[in-house]
Structures are given as C-alpha cells and as structure tokens.
Amino acid sequence: KAGVTQTPRYLIKTRGQQVTLSCSPISGHRSVSWYQQTPGQGLQFLFEYFSETQRNKGNFPGRFSGRQFSNSRSEMNVSTLELGDSALYLCASSPFDRVTDTQYFGPGTRLTVL
Amino acid sequence: DAKTTQPNSMESNEEEPVHLPCNHSTISGTDYIHWYRQLPSQGPEYVIHGLTSNVNNRMASLAIAEDRKSSTLILHRATLRDAAVYYCIRISYNTDKLIFGTGTRLQVFP
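Protein sequence lines, in the order shown, are assigned to chains Z and Y.
Under the working numbering, the first residue of the first sequence is numbered 1, with each subsequent residue one higher.
Under the working numbering, the first residue of the second sequence is numbered 1001, with each subsequent residue one higher.
If we strip away everything but chain Z, and leave its shape as in the complex, we get:
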C-alpha cells in the first residue's frame, strides 16, 4: 500500500496570506489527523477528521480549519498567516481511530511565513 502523502512538501508565504495543505491517507483509512511541529512547542494536535466530520480539535485559533472529503483525503487551511505559523505540518491516518490504532504519518509540509 502507498503511504500517506502530503502536498506540497515545501511552501513559502507572506504574512496575511492564506494557505491550503493537502493530505492523502492510506487507502481504506478513515481517520485523518493534523499536527503542527515547531522547535519551540514541539508536536501539537490540530484536529482529527473521520468520515468527513471533525471528531476532535486541539487548542488552535479559528484561523486553522480543515475538511475531509468522501474519499478520506483531507485539507487544512490557515488564513491570515502569522510569522508564528511557520512550522512542519504533519498529517497522519489510521484505520478507525488514533487511540487504539496505529497512526501512519506523512513526511509533512514545511511552511515558512515571511
């Protein structure tokens, strides 16, 4: 099976712009989670989608949003970018849930905000 893929791998944006990141989960996986990784804060959970519904959400402002399509592919959007949004954004998929299942991570999208 193909692994989790994320596009683009690298992105440079300026403050105030918005960005959309894409994640294709492993075939058959219905749960997709998004994480932000920064040197200062480490790994932080953004949100989880299951069957096109947001199932869980971390403590991030409303500028961060996401969605999941019927084929389980997911996108996350960040509006009005700030310098502090520069980070590695990771997507992970699991068959059903991330509590009892294994999560499979993609390579991440590195976002730089100038």
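A few of these clues could be false.
Only pairs whose alpha carbons sit at most 30 angstroms apart, straight line, appear in this in silico DSBU-like list of lysine-lysine [stated by the list, open to error]:
hint, chain 1, residue 1, chain 2, residue 2
1, Y, K1069, Y, K1097
2, Z, K57, Z, K13
3, Y, K1097, Z, K57
4, Y, K1097, Y, K1003
5, Y, K1003, Y, K1069
6, Y, K1003, Z, K57
7, Y, K1069, Z, K57
From chain Z, some residues computed to sit far from chain Y (all C-beta separations above 12 angstroms) [stated by the list, open to error]:
hint, residue
8, K57
9, N71
10, E82
These are computed hints drawn from the structure, not numbers from a lab.
On a predicted model such as this, the values are computed, not experimentally measured, just so you know.
Positions of the beta carbon are idealized from the N, C-alpha and C atoms, including for glycine.
Take the given structure of chain Z and dock chain Y to it, following the hints.
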C-alpha cells in the same frame, strides 16, 4: 496541568539494550500510551502502544508501571538506524485528548 516528561537525550552503543523512560503525572485509567519515533526530515513512525500490561512487538517492548504513572520503551539491541527522537504520547480513550511528551533524542554509537 497534565504533563508527559522525557529526558532530553540519551546515548547508547550499538547492540546494547536501551531503556527510554516516560513519566505521566496525571494519567487516567483509560489513557493509552503510545511511542513514536522521528528520524531527521521524516514524519513520526509508530513503535508500540499499550494500555495496562506490558507489550512486545518486533521493534521493541513497552513496560508500563503498575500505577501507570510511568512507562519505559525498551529497544533490546540498539542499531545505528534506531538513532531518532522518541516521543511518548498519552491518548485518552474517553475524551480522545492527546498529550505529547517532549521527546528524547537517542544517539547510537558504533
């Protein structure tokens, strides 16, 4: 505030066992303990997970303390490919709340 603490770094020689500790100060009975590792420029990779009893798989063993306030990831024979940052993660079965540890950077010397 719930915390999951890990040592910043550890070192090992090749083919020696490695014990990576994780302390969970306010773990509840329904919190699963997961371990993932991250190699440079890659996303995290699953290692092992468990709830109450010790777990073994082809990669590692997970020892969970009886009070569940700590766990230890055991790599039985470290190899150079095991050099990575290891994260201990608590995930609540009831609330799905997830708490990341700070990660331990493991160096393996030949």
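Results of checking the hints against the structure:
The suggested pairing of K1069/Y with K1097/Y holds, with an alpha-carbon distance near 17 angstroms, which does not exceed 30 angstroms. As the CA atoms of K57/Z and K13/Z are separated by approximately 25 angstroms, the hinted pair is consistent with the 30 angstroms bound. For the suggested pair K1097/Y and K57/Z, the alpha carbons sit about 9 angstroms apart, so the restraint of at most 30 angstroms is met. Restraint check: the Cα-Cα separation between K1097/Y and K1003/Y comes to about 13 angstroms, which is no more than 30 angstroms; the hinted pair holds.
Between K1003/Y and K1069/Y the alpha-carbon distance is near 11 angstroms, which keeps this suggested pair within the 30 angstroms criterion. With a C-alpha separation of about 19 angstroms, the suggested pairing of K1003/Y with K57/Z holds against the 30 angstroms cut-off. With a C-alpha separation of about 25 angstroms, the suggested pair K1069/Y and K57/Z falls inside the 30 angstroms cut-off, and the hint holds. With 12 angstroms as the threshold on Cβ separation, the claim that K57/Z sits away from chain Y is violated: the shortest Cβ distance comes to roughly 10 angstroms.
The Cβ of N71/Z lies farther than 12 angstroms from every Cβ of chain Y, with a closest approach of about 21 angstroms, so its non-interface assignment holds. No beta-carbon of chain Y comes within 12 angstroms of the beta-carbon of E82/Z; the shortest separation is about 22 angstroms.
Checked against the numbered hints given earlier, this structure breaks only hint 8.
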